[in-house]
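Student: For the record, the sequence lines run as chains A and B. Using the UniProt record's numbering, the first residue of the first sequence is number 1, and each one after it goes up by one. Using the UniProt record's numbering, the first residue of the second sequence is number 1, and each one after it goes up by one.
Incorrect hints may have been included.
Straight-line Cα separation of at most 30 Å, DSSO-like style, residue types lysine-lysine; simulated pairs [unchecked claim]:
hint, chain 1, residue 1, chain 2, residue 2
1, A, 138, B, 94
2, A, 138, A, 36
3, A, 9, A, 138
4, B, 138, A, 129
Since the hints were derived computationally from the structure, they do not count as laboratory data.
Listed below are the residues making up each chain.
There are 2 protein chains.
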Amino acid sequence: MSTNDEGFKIAVEEARKSLREGGIPIGACLVSADGKIIGQGHNARIQRNSAILHGEMSALESAGRLPASAYRGATMYTTLSPCDMCSGACILYKVARVVLGENNTFLGGEDYLRQRGIEVINLNHPECKDMMTDFIAKHPDDWFEDIGEC
Amino acid sequence: MSTNDEGFKIAVEEARKSLREGGIPIGACLVSADGKIIGQGHNARIQRNSAILHGEMSALESAGRLPASAYRGATMYTTLSPCDMCSGACILYKVARVVLGENNTFLGGEDYLRQRGIEVINLNHPECKDMMTDFIAKHPDDWFEDIGEC
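Based on the provided sequences and hints, a complete structural model is requested.
Tutor: Right, dumping it as structure tokens:
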């Protein structure tokens, strides 16, 4: 798993797209065991007034209804360490691994994912860190609302 | 907390509504610390072709964007034990308690909710059990898809 993976590139492009829309720059992409892109999306709190459309949730939603077998061996690429909600969603659907861009600006449910048998790989990607660092500095209220913090 | 709570009555009514629509009969209602109904909804997998709109997620989404303080002391009423995704969402937003209708037909993330400091109360409600038992018998494929099982 590397920053050259198609799934990761799409996740980063989704984060950039959200930023261009005035939203929180977090993107995700769900890739099946055989390498097919089955879902992609970005955080839509600001764009769609949503409390649940984090990047990973948007990617799962864009994939539509799928049987459990479709998630078997799948990889969730995301530009940021997944929060408790998104970690729980990955556990529900039993994806095989979560590949994340960074966990410096936010550390989510990585330990719990590992406890539940999901591989977690951190790519330490500079652009992911820069987009979030800059967004948090400029829009702290939007960011803390997104992670349920005061 | 009892089956006479307004929040629980609304959750059950949402489950009935989903059933009438041909959907999975699970409903939820989010009630603030001061007793105000701030969100309600039902499972919409079938109705909206959704992988993420479980009952609790629909209730959170219907509440819209809220500051972290709005969830402080809040209760999530749900007709069924919350899955890992919905448990994670309750943890993200730090609701104070989850009041559930039953956990006979499905046991979700109750232990993890407790570990993360959220009170969990099971009302053992006969109608909630009956609705789910009947639905699972009639539509096993829809149900197992909803919980990511084969």
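Student: Hint by hint, say whether it matches the structure.
Tutor: Hint-by-hint comparison with the structure:
Between the alpha carbons of residue 138 of chain A and residue 94 of chain B the distance comes to roughly 25 Å, so the proposed pair stays at or under 30 Å and holds. Our distance criterion of 30 Å between C-alpha atoms is broken by residue 138 of chain A and residue 36 of chain A, whose separation comes to about 36 Å. Using a Cα cut-off of 30 Å, the hinted pair residue 9 of chain A and residue 138 of chain A holds, with the two alpha carbons roughly 25 Å apart. Straight-line distance between C-alpha atoms of residue 138 of chain B and residue 129 of chain A comes to about 48 Å, which puts the hinted pair past the 30 Å bound.
Violated hints, listed in ascending order, are 2, 4; each of the other numbered hints is respected by the structure.
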